[in-house]
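Protein sequences, first through last, are from chains Z and P. The first sequence begins at 1 in our numbering and counts up one residue at a time. The second sequence begins at 1001 in our numbering and counts up one residue at a time.
Simulated from the structure, these hints should not be mistaken for laboratory data. Note that the coordinates shown come from a computational prediction; the quantities given were computed from them, not determined experimentally. This list has only true hints and no planted wrong ones.
The list that follows gives simulated cross-link-like pairs (lysine-lysine, DSSO-like), each with its CA atoms no further than 30 Å apart:
(1) Z:112 <-> P:1066
(2) P:1041 <-> Z:3
(3) Z:112 <-> P:1041
(4) P:1020 <-> Z:112
(5) P:1020 <-> P:1055
(6) P:1014 <-> P:1066
Ranges of calculated distance between the beta carbons of each label pair, as one might list FRET restraints:
(7) P:1018 <-> Z:81: 42 to 52 Å
(8) P:1083 <-> Z:7: 35 to 45 Å
(9) Z:14 <-> P:1068: 42 to 52 Å
Built from N, CA and C at the ideal position, the CB exists for glycine as well.
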Amino acid sequence: AQKITQTQPGMFVQEKEAVTLDCTYDTSDQSYGLFWYKQPSSGEMIFLIYQGSYDEQNATEGRYSLNFQKARKSANLVISASQLGDSAMYFCAMREFYQYSGAGSYQLTFGKGTKLSVIP
Amino acid sequence: GAVVSQHPSWVICKSGTSVKIECRSLDFQATTMFWYRQFPKQSLMLMATSNEGSKATYEQGVEKDKFLINHASLTLSTLTVTSAHPEDSSFYICSASLGQETQYFGPGTRLLVL
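Kindly generate the complete structure, drawing on both the sequences and the hints.
Put into structure tokens, the structure is as follows:
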């Protein structure tokens, strides 16, 4: 089963409008983290926002906010007042701790992404 | 925010040659570095995780003899694609983190094997 599901391959939004990008996740861990990254056509991965599983308040970073609904295992990204420069791929990712050979690390699992296009 | 660089940004090579990609954390010491591969219109797939001074841990299906990872210091990790073939053509992207902290990504390296 997919750990991170982004059901919207592509989304269109009018400039200056708000848009919600969906993300659901699957984990049995109590401690995990949820991230959103933006990937423009240049390829770089730009960190947008982070939500910890124990955080009670929804994370906000400028025009980005994360609608975290723990019981439903969803972590939707809300972009307010869309700008033309917001056109890009957006990836939701979950951080979990993986143990291996006596060591371990926190790893990210990415969803398939949503391509957002902002229309002037 | 933390800055991670990658070099080169793009490389074209002949089939059978080896290619080395460097990943550097410029303003912080990264306890862990990660290497991902991204095919066109697909998501990032983790290839391996490396901690400074220890052997990398490879994900299932990733050939460790083909993709050599060296994490020589807290600010530098290298990925060497040995005997590259056209199917290795992809976008390779590294990230660096401080333990549980956010992973900061490099700008990526586009590899084209002819």
